[in-house]
Amino acid sequence: MDRTADVAIVGAGIVGLAHAYMALKKGHRVVLFERGEYATGASIRNFGLLWPIGQEPGVGLDRALRSRAHWLDIAGQAGIWVNQNGSLHLAYHDDELEVLQEFTEIYKHAGFQFELLDKKGVEDKSPHVKTNNLKGGLWSATECTVNPREAIRRIPLWLEEKYGLITRFGSVVTEIAVPQVKTSRETWRVDKVFLCSGVDFETLYPQVFDKLPVTKCKLQMMKATSADSHFALGPSLCAGLTLRHYAAFSECKSLKKVDDRYDNELLTFKQKGIHVLLAQNNAGELIIGDSHEYSMTIEPFDKEDINLIILNYLNSFFNTSNLRITERWHGVYPKIKDNIDMVVEPERGVTIVNGLGGAGMTLSFGLAEELINKL
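At position 9 of the sequence shown the residue is numbered 9 (this note's numbering), and the sequence of numbers has no breaks.
Since the hints were made in silico from the structure, they are not lab data. For clarity, every value in this text was computed on a predicted model and none was experimentally measured. One or more of the hints may lead you astray.
What the hints assert, rightly or not - Computed list of lysine-lysine pairs in DSS-like fashion (alpha-carbon distance at most 25 Å, straight line):
#1 LYS135 <-> LYS125
#2 LYS303 <-> LYS211
#3 LYS108 <-> LYS119
#4 LYS337 <-> LYS253
#5 LYS272 <-> LYS216
#6 LYS256 <-> LYS270
#7 LYS303 <-> LYS256
#8 LYS270 <-> LYS192
#9 LYS25 <-> LYS374
#10 LYS192 <-> LYS211
#11 LYS119 <-> LYS211
#12 LYS257 <-> LYS272
#13 LYS337 <-> LYS223
#14 LYS223 <-> LYS270
#15 LYS257 <-> LYS119
#16 LYS135 <-> LYS119
#17 LYS272 <-> LYS303
Produce the complete structure using the sequences and hints provided.
Right, here's the structure in full:
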């Protein structure tokens, strides 16, 4: 068997798949290594949201919009479900509406596709939001939803079928010394390695990560079904807490008032990094979350009080009485301080790509495009 390739990818999560896709499109022979029979990390433990509205204009937003275009192209070819349903940021307090107004003024020429709505405009976009005390909302057209559990399994199969991707699932990479990549079963000869191992960043090149401001983030999430089997959510929904979570809103001076009010209301929101998003997949299931707890050692035990805070806040803008929780889980991803990615070359021929900070579904294809174009 020919165990040679131009490019080796380590990790079959969304970051690794994006790099495999871009390299294959350039005509490279690519081998993909994944320790499991399929990826089971952060790439399948998320909302499935492509979320350009959360990215700051410049590198982040540009990368997100290019990633979105690649997602739509891949989905059409590979038969992957994608819903171009947009998003609504809901405002129930004057300070939240002020942030949205400031945001639309600051970034009116930045490349976003948004519209500031009054109460009636929000109701027209989504009949499912609670209207009591509703002040208005920010509609954004760019957000999309995929089903990550299906997409992450389908993409490598499609890459095999269309581009001849070589897959090595169930293969743990034990050593990289370009041109050799060794696994527990075989040795490959390659020209270039992209290490996209996600939260398992200590296994290979631990000395590199020891020098970087990187930590791990644990988030708690839930899945629910509605009593109405034909329920269609429409735009993905979020409210005031989300304004202080995403970097895109950080330039708004009025955000401090929102921040202070929520700290006075319940400091746990900030201590556990809680903000609340609601999305719906192609099975009609509702995905709810999430929290953010940072540590290099992640506790395996989920906290039900965090789930209850999330559900209580969700109930402030969406009726939860008809929901039945069917799954609870947590995801873990690497987070690097004050940056949207971590791209490091520890030695000749090796590039570590990590630290997309919970925005892997939104940013991976754009970042991979940039890095593969440099080959």
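Now for the hints, and whether the structure bears them out:
For the proposed pair LYS135 and LYS125, the alpha carbon gap of about 14 Å is at most 25 Å, so the pair holds. With a C-alpha separation of about 31 Å, the suggested pairing of LYS303 with LYS211 is violated against the 25 Å cut-off. Taking the CA atoms of LYS108 and LYS119, the gap is about 21 Å. The hint holds against a cut of 25 Å. Only pairs whose Cα atoms come within 25 Å are accepted, and LYS337 paired with LYS253 is accepted, the gap being roughly 22 Å.
Taking the CA atoms of LYS272 and LYS216, the gap is near 14 Å; set against the 25 Å cutoff, the hint holds. Annotation: proposed proximity of LYS256 to LYS270 holds, straight-line Cα distance about 13 Å (limit 25 Å). The suggested pairing of LYS303 with LYS256 is violated, with an alpha-carbon distance near 28 Å, which exceeds 25 Å. Distance hint between LYS270 and LYS192 is unfulfilled; the C-alpha atoms sit about 41 Å from each other, more than 25 Å.
Of the supplied pair hints, the one linking LYS25 and LYS374 holds, its CA atoms being roughly 14 Å apart against a limit of 25 Å. Only pairs whose Cα atoms come within 25 Å are accepted, and LYS192 paired with LYS211 is accepted, the gap being roughly 23 Å. Restraint check for LYS119 and LYS211: the C-alpha separation of about 50 Å exceeds 25 Å, so the hint is violated. Straight-line distance between C-alpha atoms of LYS257 and LYS272 comes to about 20 Å, which keeps the hinted pair within the 25 Å bound.
Proposed proximity of LYS337 and LYS223 is contradicted: the alpha carbons are some 29 Å apart, above 25 Å. At roughly 23 Å between alpha-carbon atoms, LYS223 and LYS270 fall within 25 Å of each other, so this suggested pair holds. Of the supplied pair hints, the one linking LYS257 and LYS119 holds, its CA atoms being roughly 22 Å apart against a limit of 25 Å. Between the alpha carbons of LYS135 and LYS119 the distance comes to roughly 6 Å, so the proposed pair stays at or under 25 Å and holds.
The hinted pair formed by LYS272 and LYS303 meets the criterion: a straight-line CA distance of about 11 Å does not exceed 25 Å.
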